[in-house]
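Q: So the sequence lines, in the order shown, correspond to chains A and B.
Per the numbering used here, the first sequence starts with residue 1, numbered consecutively.
Per the numbering used here, the second sequence starts with residue 1, numbered consecutively.
Simulated from the structure, these hints should not be mistaken for laboratory data.
Incorrect hints may have been included.
Under 8 Å between C-beta atoms, here's a sample of chain A residues computed to sit facing chain B [as the list claims (entries may be wrong)]:
1. P6
2. F8
3. A30
4. W34
5. K36
6. E263
7. K272
8. E279
9. L281
10. A290
11. R292
12. A300
13. Q303
14. N304
15. A373
Ideal placement from N, C-alpha and C gives every residue a C-beta, glycine not left out.
What follows is each chain in one-letter form.
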Amino acid sequence: MRFHFPIFAFPPEAEALRAEVRAFVADELAAGRWKKGGDFASSYDPAFSRRLGARGWLGMTWPKRYGGHERSMLERLVVTEELLAASAPVAAHWIGDRQSGPLLLRYGSEAQRAEFLPRLARGEVFFSIGMSEPDSGSDLASVRTRATKVDGGWTISGRKVWTTFAHRNHYAIVLARTGDAGAQRHAGLSQYIVDLKSPQVKARPILNMAGQEEFNEVVFDDAFVPDDRLVGEPGNGWTQVTSELAFERSGPERYLSSIRLVEAALACAKSKPTPRVREALGRMSAKLMALRTMSLAVAAQLQNGEAPNLEASLIKDLGNAFEREQIAVFRALGSELPGRSDDYLSSLAQATLYSPSWTLRGGTREILRGIVARGLGLR
Amino acid sequence: MSLAPVLAADALVEEAASRAFSGLAEKWFAGRITREDLLAAVEQLGFADASPTSDGEGWLAAAAIIRAQARAAAPIDMALLLVTGERAAAIAYDPCAYACAAGARAPASPAALAALSLGRCLQIGAAMGAALELSIRYVQDRRQFGRALAQFQAIQHSLALAAEEVAACSAITDLALACAAREGIASKRLPALLDAAALVAGQAVNVVYDMTHQVHGAIGFTQEYALHRHSLGLLRWRDHLHLARGGDIGCAERLGDAALEAGSAWRAVTATMTPGAPHG
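The shape of chain B in the complex, shown without the other chains (with noise of 0.2 Å):
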C-alpha cells in the first residue's frame, strides 16, 4: 500500500512565479524598475489575486508564490499582499531597510494573525533555503589554504547544521500549511501549530543567519553581495512573526500551557498534530 503526502506542492505556479519574480528582482536591484512599477508587473501577472480563502482554497498556490517571493528576495511582501491584501504597505517593502524597523502591528482578527503568520513563517524558510544555496556554492567555490572551503570538516558541519534547522522549520511551516488548507484558517488546533512554527523558525534563523554568514567571511556582510537580501528579509520577518504573535515567548508559553493542561506534553503534542482531535 503506498502512501499519499496530504499536501501536493503545486509545482506549476512555483515554477512560473520563480522564474517571473526572479526576472523582477533583477531589473530591481539593477535599478531599472520603479516601486509602482513593480506592483505593477506583480499584479499583471496576477499573483496578486491569488489569495487563499478563509476555508484554506489557495493556500497551496498562495504558498507558492510566496515562497517564490522570499526565495527571489524580491522587494514585494507577497505575504502582505497576498494574506491581507495591504498593498501599500507591499510596495513599500525593501528587503535592505534595517530589519527590526518593520513594525509589528498585529492583524485585528485571529483568522488575519494565522493568514500572516504562515505567510511569514514559509517566507523566512524559503529565505533561509536561499541563504543556504547561496552558502553551499561560495564553499564549494572559494579557495583557501589551496583547496575549496567545502573541503573542510568545520564548514562541512557548519552548513550541515545549518541545513537541518531548515529542513525543521519547513516541516513544521508546511504542517501548519496543510491545516490551514485542509481544515481553512479558523482550524482551532492552527494556533498551535504556528506557535510550534514560530519557534522553530526563531530558533532556525539564529543558525542560519550566524552560519551562512560565517562561512561567507567578509565578503556576505557587505551589499554588493546577495546573502544580505535574503538576511535582511528573514530577520525582519522573524521578527514581525514574533511581534504579531505576542513574542516568542508568548508563543511558548501558550504551548506549555496546553501540555500542562493536557498533563503531558507528549499528550498535547500528539493532540495538537492529529486533524480533528478537540483541543483547547
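Just chain A, with the same shape it has in the complex (with noise of 0.2 Å):
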C-alpha cells in the first residue's frame, strides 16, 4: 500500500473528555448562547472561543509553560469533531488553535511563543493566514508581497486577499518573498507575525456569495514589522508553510461540513423514516466512519511525531467530495421529510452557497489529487 492508515483508538480518557463536550454543548444550546450555524470558517463568535478556552480546550496539546494542557493530539480531535459537529461558532479561535499555534510552537522564538501563545489558548488574539494573493492562489510560490529589510525590522508591501476574517482578527501569519525564489522557486520566502491593526495594512471585506463578510483584501503599504516578528529562518518560509499542511488538511473540518444537514433531515424524517431516507443515512454513515478512521490515524501520527502530508491531502479530497455529495443527496430527500424544518432549509441553502469554497480552501481539489498521485509515484 501506498498510504498506510494504521488503526488507533481514543484511550478511555478521550471519551470522557467527549461525553463532557457533549454536556458543555447542550448547556451552551439550552442557553441560547448561540445558534448552529455554518462551517468552521463560517461562524465567529469571540465570547464562545474565551469560554472554550476557559475550560481549557484551546491549545490543547502545546506545553503547559506556554498556557496549553499537554493534552494528547486525539483529545484535541474529540473536542474539535464534537464542536463541529454540532456547528459550533468556532471561527475565530480556529486558526490560531489549528495552524497558527502549532507553526509557533514549531519555527516561533521563545519570545514569539511567550507572548502569543498563552493569549492563543485564552481564546483572546485571533490569527489569520496571509498566504493567497490576487495573482497566487494554487501556485503559492508565486507570492509577489515583499518583505524588505530596514532598521530594527522589515517592512512589507503587497496585497493578500481571501483572509478570512481578517477585518476582526488581530494577526496574520504573512508568507513575503525576501530572497532570489531560485530554481525550484521555493527558495526566498519568509513567514511574519503581522499586526492586523497596524496604520499601514488595510483590510477591506470581501462580500461573499451568500452574502457574508469573511473574506477580506488586505493591503500592505510598508507596514514595518520588527525584526522579532519574523517566524523562523528568513529565506525558510516554504519549509514552514508546508509543515502546516497535515494540520491543516486531515482534520474533521474537512467532512463534516455538511453534517447539519445530515442531521436536520434526520430530525425531520425520525417520526417516519422513508426507505430512501433510511438508506442515505445509512451510506452516509459508512462513509463517514471509513473517513474518521483516517483522520484518526492522521492525528495519531502527528501525535507520534510524523508527517503524514500525503495521508492529509487524501483525506481532504475525500472528504470534501463526501461533504459536497450529502448536499445532492439530502436536498433530494425534500420531500420525504414530513414538516421540513426551518434549520433543514437553512443549512441546505447554507451548504449549498458555501460547498463551492469546501474543494478550494486549504488546498483545491486539484491539487490534492496532484499531491496523492504524487505519493503514487506518478509525478
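Take each chain as given, in its own frame, and dock them per the hints.
A: Right, dumping it as C-alpha cells:
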C-alpha cells in the first residue's frame, strides 16, 4: 500500500472528554448562547472562543509553560469533532488553534511563544492566514508580497486576498518574498506575524456569494514589522508553510461541513423515515466511519511526531467530495421529509451556497489529487 | 507520549504467504498445477489451518494470509477456506469465472456471516491494491503522444481517485478487523462496522474497476494480461459480500436505522466506533 492509515483507538480519557464536550454544548444551546451555524470558517463568536479557552479546550496539546494543557492530539480531535458536529461557532479561534499556534511552537522564537501562545490558548487573540494573493492562488510559491530589511525590522508591501476574518482578527501570519526564488521557486520566502490593526495594514471585507463578510483583501503599505516578528529563519518560509499542511488538511472540518444538514434531515424524518432516507443516512454513516478512521490515524501519527502530509491531502479530497455529496442527496430527499424544518431549509441553503469554497480552501481538489498522484509515484 | 496502533500487522506471515501464493499462482496460470495439487500445496504450507477462533485469536495471521492470496490472484479462496473451513468451495474457486456466478449462500450463523464478510472485505481491499499497483506500473511504461501516460494530469487524477477509494476501504476494513481481533467475532458492534465496510468496499470497487481498466486501454480487457484476474476476483467477492449481507441497500438501511434510533447520525457513528460502547 502506498498510503498507510494504521488503526488507533481513542483512549478512555478521550471518551470521557467527549461526554464532557457534549454536555457543554447541550448547556450552551439550552442557554441560547448561539445557534447552530455554518462550518468552521463562518461562525465567528469571540465570547464562545473565550469560554472554550477557559475550559482548557484551546491550545490543548501545547506545553503548559505556554498556557497549553499538554493533552494528546487525540483529545484535541475529540473536542474539535464534537464542536464541528454541533455546528458550534468556532471560526474566531480556529486558525490560531489549528495552525498558527503549532507553527509558532515549532518555528517561533521563545519570545514569540511566550507572547502569543498563552493568549491564543485563552481565546483572546485570533489569527488569520496570509498566504493567497490576487495572482497567487494554488501557485503559492509565486507570491509577490515583499518584505524588505530595514533598520530594526522589515517593511512589508503587497496584497493578500481571501484572508478570512482579517477585518476582525488581531494578527496574520504573512508569507512574503525576501530573496531570490531559486530554481525550485521555493527559496527566498519568509513568514511574519503582522499586526492587522497597524495603520499601514488595511483589511477590506469582500462580500461572498452568500452575502456574508468573511473574506478580506489586505493591503500592506510599507507596513513595518520589527525583527522579533519574523517567524523562524528568513528564506525558510516554504518549508514552514508546508509543515502546516498535515494539521490543515486531515481534520474533521474536511468532512463535517454538511453534517448540520444531515442531522436536520434526520430530525425531520425521525417520526416516519422512508426507505430512501434510511438508506441515505446509512451510506453517509459508512463513509463517515471510514473518513473518521483515517483522520484519527493522521492525528495519532502527528502525535508521534510524524508528518503524514500525503495521507492528509488524501483525506481532504475524499472528505470534501463526501461533504458535497451529502448536499445533493439530502436536497433530493426533501420531498420525503415530513414538515421540513427551518433548520433543514437554512442548513441546505447554507451548505449549498458555501460548498464551492470547501473544495478550494486549504488546497484545491486539483492540487490535492496531484499530491496523491505524487504519492503514487506518478509525478 | 507516543501512541501505538491497535493492529500490529503480521508482517512475517504476510511475507511468507505472499511468496508462497505468488509461486502457486504462477504455476497455476502457466497450467502446471491441478486444482487438487493447489489445495494440497496450501495445506502443506499450513495456511489452511490458520483459522481464527471465535474470540478473535488468529485473525491477524488469517488476515495476512487472505490478503496475500487475493493480491496474488491465487485461485484458492482463502477467505472461504479459513473462515468457514469449506475446502470444496475453496478449491473450486476460479478467478476467471464470471463474477456473479459466485452464488450467494448466506452463512448460517451471525458469527459465520461476520467472519466471511470480513474475509471478503480483506480480499476486496487487497485485490484493489493489486489492480492499482498494476495500473501504476502500466501508465509509467506505456507511452502515447510521445510521453508516458503517467505524465498526463487526467491519468494522474484518475488513479488518485482510485487510490483514495482503496485507502478508505482498507481503513474501514482494518477497523472491523481490529474489532474482531480484540472483541471476538460475536462483538455487538462488528455487524455495523461490516455493513459500513461492505458499503465503502462497494463504492470503491465501482471506482477502482472503472479507473484501472480505463487507464489500461484494451489490453486490460484481455485474458492474456493480469488485470482481469484482480478485477474478476474483486467483482465476485463484492457481489458475494453484498448478497450474503442482504444486499447493499440492506446494509445501508440498517446503518440508517441506527442513526435514526440514536437521534443523530454523528452519535450513532461515534458509538459504533467506540470499543465497549453499548450498541444496538
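Q: A separate judgement is required for each hint: does it hold in the structure or not?
A: Do the hints match the structure? See the list:
At about 4 Å, the closest approach between the beta carbon of A/P6 and any beta carbon in chain B falls short of 8 Å, and the interface hint on this residue holds. Because the beta carbon of A/F8 sits about 6 Å from the nearest beta carbon in chain B, less than 8 Å, this interface hint is met. Contact between A/A30 and chain B, as hinted, is not supported at the beta carbon level, the nearest pair being about 16 Å apart and thus beyond 8 Å. Interface restraint check for A/W34: the shortest CB-CB distance to chain B comes to about 18 Å, outside 8 Å, so the restraint is violated.
Here the hint on A/K36 is broken, as its CB sits about 12 Å from the closest CB of chain B, past 8 Å. Below 8 Å, beta-carbon pairs count as interface contacts, and A/E263 has one with chain B at about 6 Å; its hint therefore holds. Interface restraint check: A/K272 against chain B, minimum CB-CB distance 10 Å, threshold 8 Å, status violated. For the restraint placing A/E279 at the interface with chain B, the shortest Cβ-Cβ distance is roughly 4 Å, inside the 8 Å limit, so the hint holds.
For A/L281, the suggested interface contact is upheld, since its CB lies about 4 Å from the closest CB of chain B, less than 8 Å. Of the supplied interface hints, the one on A/A290 holds, with its beta-carbon coming within about 4 Å of a beta-carbon of chain B, less than 8 Å. With 8 Å as the threshold, the beta carbon of A/R292 comes within range of chain B, its nearest partner Cβ sitting at about 7 Å, so the hint holds. A cut of 8 Å between beta carbons decides the hint on A/A300: the least distance to chain B is about 5 Å, and the hint holds.
With its C-beta approaching chain B no nearer than about 5 Å, A/Q303 sits inside the 8 Å limit, and its interface hint holds. Contact between A/N304 and chain B, as hinted, is supported at the beta carbon level, the nearest pair being about 5 Å apart and thus within 8 Å. For A/A373, the shortest C-beta to C-beta distance to chain B is roughly 4 Å, which falls under 8 Å, so the interface hint holds.
In the structure shown, a violation is registered for the earlier hints numbered 3, 4, 5 and 7, in ascending order.
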